[in-house]
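Keeping their order, the protein sequence lines are chains D and C.
Start counting at 1 in the first sequence, then tack on 126, and there's your number in the working numbering.
Start counting at 1 in the second sequence, then tack on 1169, and there's your number in the working numbering.
Treat the hints as calculated values from the structure; they're not laboratory data.
Wrong hints could be hidden among the right ones.
Quick list of simulated restraints, FRET-style, between CB atoms [claimed, not checked]:
1) K1474/C - E346/D: 56 to 66 Å
2) R324/D - N1321/C: 15 to 25 Å
3) E1481/C - P285/D: 41 to 51 Å
4) K165/D - I1284/C: 41 to 51 Å
5) H1274/C - E278/D: 10 to 20 Å
6) K1330/C - K322/D: 23 to 33 Å
7) E1180/C - K249/D: 48 to 58 Å
8) T204/D - L1484/C: 37 to 47 Å
9) N1404/C - L153/D: 18 to 28 Å
10) K1330/C - K168/D: 38 to 48 Å
11) Q286/D - T1403/C: 23 to 33 Å
12) R273/D - D1224/C: 18 to 28 Å
Straight-line alpha carbon distances no greater than 20 Å define the calculated PhoX-like cross-link-like pairs of lysine-lysine that follow [unchecked claim]:
13) K1324/C - K1193/C
14) K1193/C - K1323/C
15) K1396/C - K1372/C
16) K129/D - K234/D
17) K322/D - K338/D
18) K168/D - K1474/C
19) K283/D - K1314/C
20) K1351/C - K1474/C
21) K129/D - K213/D
22) K1288/C - K1349/C
23) K1257/C - K149/D
24) K1193/C - K1406/C
25) K1406/C - K1288/C
26) K1462/C - K1372/C
27) K338/D - K316/D
28) K1314/C - K168/D
29) K1288/C - K322/D
30) K316/D - K1351/C
31) K1323/C - K129/D
32) K1462/C - K283/D
33) K338/D - K213/D
34) K1344/C - K1257/C
35) K1288/C - K1193/C
A few chain D positions that, by computed beta-carbon distances, are all more than 10 Å from chain C [unchecked claim]:
36) N196
37) D202
38) I214
39) D227
40) L342
Ideal Cβ placement from N, Cα and C applies to all residues, glycine included.
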Amino acid sequence: MLKNISNLGDAALYCDFGIQVNKATNLEVIKYFNTIREKKIKGINNLTPSYNKLIISFDLRVTNFSEIKNKIENLDTTIEQNKNNKKIEVPVCCDENFALDKSRLEKKLNLSYQQILTKFFNKEYFCYMTGFIAGMPFLGDIDENLRTQRLETPRVKVPQGSVGITEQFANIYTFDSPGGWNIIGNTPLKVFDDSKERDPNLINPGDTVIFKKISLQEYEGSNDK
Amino acid sequence: MRVVMTSNYFEILRGGINTTFQDKGRENLYHIGIPFSGVMDNRNFLLANKLVGNDLNAPVIEFAYQGPHLRYTGDQLNFVITGDVIFKIKKKGIEIDGDCYQSYHLENGDEINIISTNKSVYGYFAIGSEIDLNFQWNSCSINTKANIGSNNGKKLDTGQKINLLKINSDKTLKKVNYIKSKIENIRVIKGTNFDYFSEEGKKIFFEKEFVVSKLSDRMGMRLEGSKIENIINTNIKSEGLVKGVIQVPADGNPIIMLSDHGTVGGYPKIGVVVSVDYDRLVQLAPGSKVKFKEIELSDAETLFKLYEMETENLLNQI
């Protein structure tokens, strides 16, 4: 399902898996990502999988576009991959202080907050990718009745731990960061831990996430907080 | 933080605007959302290390616009400043003007006052010694947005100390004659969303001058000028970014991704700055005029090889 490879500048390959955003396409991207990582191809210094694209950066001192393109085109992706996708429970508190966009969402979606939360919690979400800021997972797909646009004016600072939704996706702000997603609550869970150099991300592409609603007491009693 | 007893150290009398430890950065972390970081201007970084006899990838202090003012305590060592930088050295109460690309001895009690970069942004201060630093993912590079790297991921501040470990034994003074080549255009390869823009928009991109905005930092360089009109969609599904990508958001003003950029983004990519022009691009100060010129991939590759050979020649002269 890799449809086309082109160059993104002179030091990266742009691998296009189509325009759809769905689990099947993304799994194909992740398959290429894992295979290339395991192969440790000389000169490749970064891989960025996203919904339906894979960007492969390389060191132009060591190799070039046509060399890497040739290797990717001849890549055997049928090899069994020994990766364990995890299922992760993420506790979220939707107390007034954390649900920054409660009233905006009620208005936009024409639902009560209770209805919004019922549609959001206790469902399996798939992690398509991580990035933008370190460890931020892009999860999907959320209920069709919860889909809305980003804020017209993004916030300068979204608090760490905020859980946001926009369009068909949900995410978690791993740091205080600028951002425009609709914030429905906050998790006490540490989603990015840079003291774990080997595996700092709690959630990785291909993993499954289930959000569980917790009370303010449970939030404040959490070890991670 | 480790506590090290050391007799050789710098006191930071003034931190400067954006003073950080940098090396060549970190690799293979885009997929978890961590960019390369590392020095903005690679050539000046390599020259600085070579001029004080360090390993070429040793940590250096990068500063932007106004640099730090430092007082040294300890045994004699060498230091150098590279870039286009105005700085003073104070020895026994006497202040002299320092020259870039020339190493100096530093003795107990001496001060270095890095006043400003000249018609440029970044300068490099290399010390002929191992510096006591924390590394994260094999790099000391400070990413102040994600608080990653040495100094707890924060820029260097007034009142802090820089502790040194092992001073280089060879203290021969060195210099190199380096004259920065004047930059005419920034060369780019068309981006993957080039066709999202109107014919008029494409023409503006390649024919009109843009001005570097004040809202530029290690993450990105914002440009202002004639608006580039998008005729397809001002958003794309978020996908990976690389250094040098030029995104055009809905307001029509281009943003160029620099070393600390967000790893994914959802704005259309009109072009990508070629590797050979990156060192010069990052040195364009706010208010500078920029004009883009399209080149082919094969030319970009050849020009980069020539640039690398030139760097190699400069290093060999030291």
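Evaluation of the provided hints:
no. : hint                         : in the structure
1   : K1474/C - E346/D: 56 to 66 Å : holds, 59 Å
2   : R324/D - N1321/C: 15 to 25 Å : holds, 20 Å
3   : E1481/C - P285/D: 41 to 51 Å : holds, 48 Å
4   : K165/D - I1284/C: 41 to 51 Å : holds, 50 Å
5   : H1274/C - E278/D: 10 to 20 Å : violated, 59 Å
6   : K1330/C - K322/D: 23 to 33 Å : holds, 29 Å
7   : E1180/C - K249/D: 48 to 58 Å : holds, 56 Å
8   : T204/D - L1484/C: 37 to 47 Å : holds, 45 Å
9   : N1404/C - L153/D: 18 to 28 Å : holds, 24 Å
10  : K1330/C - K168/D: 38 to 48 Å : holds, 41 Å
11  : Q286/D - T1403/C: 23 to 33 Å : holds, 29 Å
12  : R273/D - D1224/C: 18 to 28 Å : violated, 53 Å
13  : K1324/C - K1193/C            : holds, 17 Å
14  : K1193/C - K1323/C            : holds, 18 Å
15  : K1396/C - K1372/C            : holds, 11 Å
16  : K129/D - K234/D              : violated, 37 Å
17  : K322/D - K338/D              : violated, 25 Å
18  : K168/D - K1474/C             : holds, 18 Å
19  : K283/D - K1314/C             : holds, 12 Å
20  : K1351/C - K1474/C            : holds, 19 Å
21  : K129/D - K213/D              : violated, 30 Å
22  : K1288/C - K1349/C            : holds, 12 Å
23  : K1257/C - K149/D             : violated, 60 Å
24  : K1193/C - K1406/C            : violated, 30 Å
25  : K1406/C - K1288/C            : violated, 38 Å
26  : K1462/C - K1372/C            : holds, 11 Å
27  : K338/D - K316/D              : holds, 15 Å
28  : K1314/C - K168/D             : violated, 30 Å
29  : K1288/C - K322/D             : violated, 41 Å
30  : K316/D - K1351/C             : violated, 48 Å
31  : K1323/C - K129/D             : violated, 42 Å
32  : K1462/C - K283/D             : violated, 37 Å
33  : K338/D - K213/D              : holds, 13 Å
34  : K1344/C - K1257/C            : holds, 17 Å
35  : K1288/C - K1193/C            : violated, 24 Å
36  : N196                         : holds, 15 Å
37  : D202                         : holds, 21 Å
38  : I214                         : holds, 15 Å
39  : D227                         : holds, 19 Å
40  : L342                         : holds, 27 Å
When the structure is compared with the earlier hints, violations turn up for hints 5, 12, 16, 17, 21, 23, 24, 25, 28, 29, 30, 31, 32, 35 and for no others.
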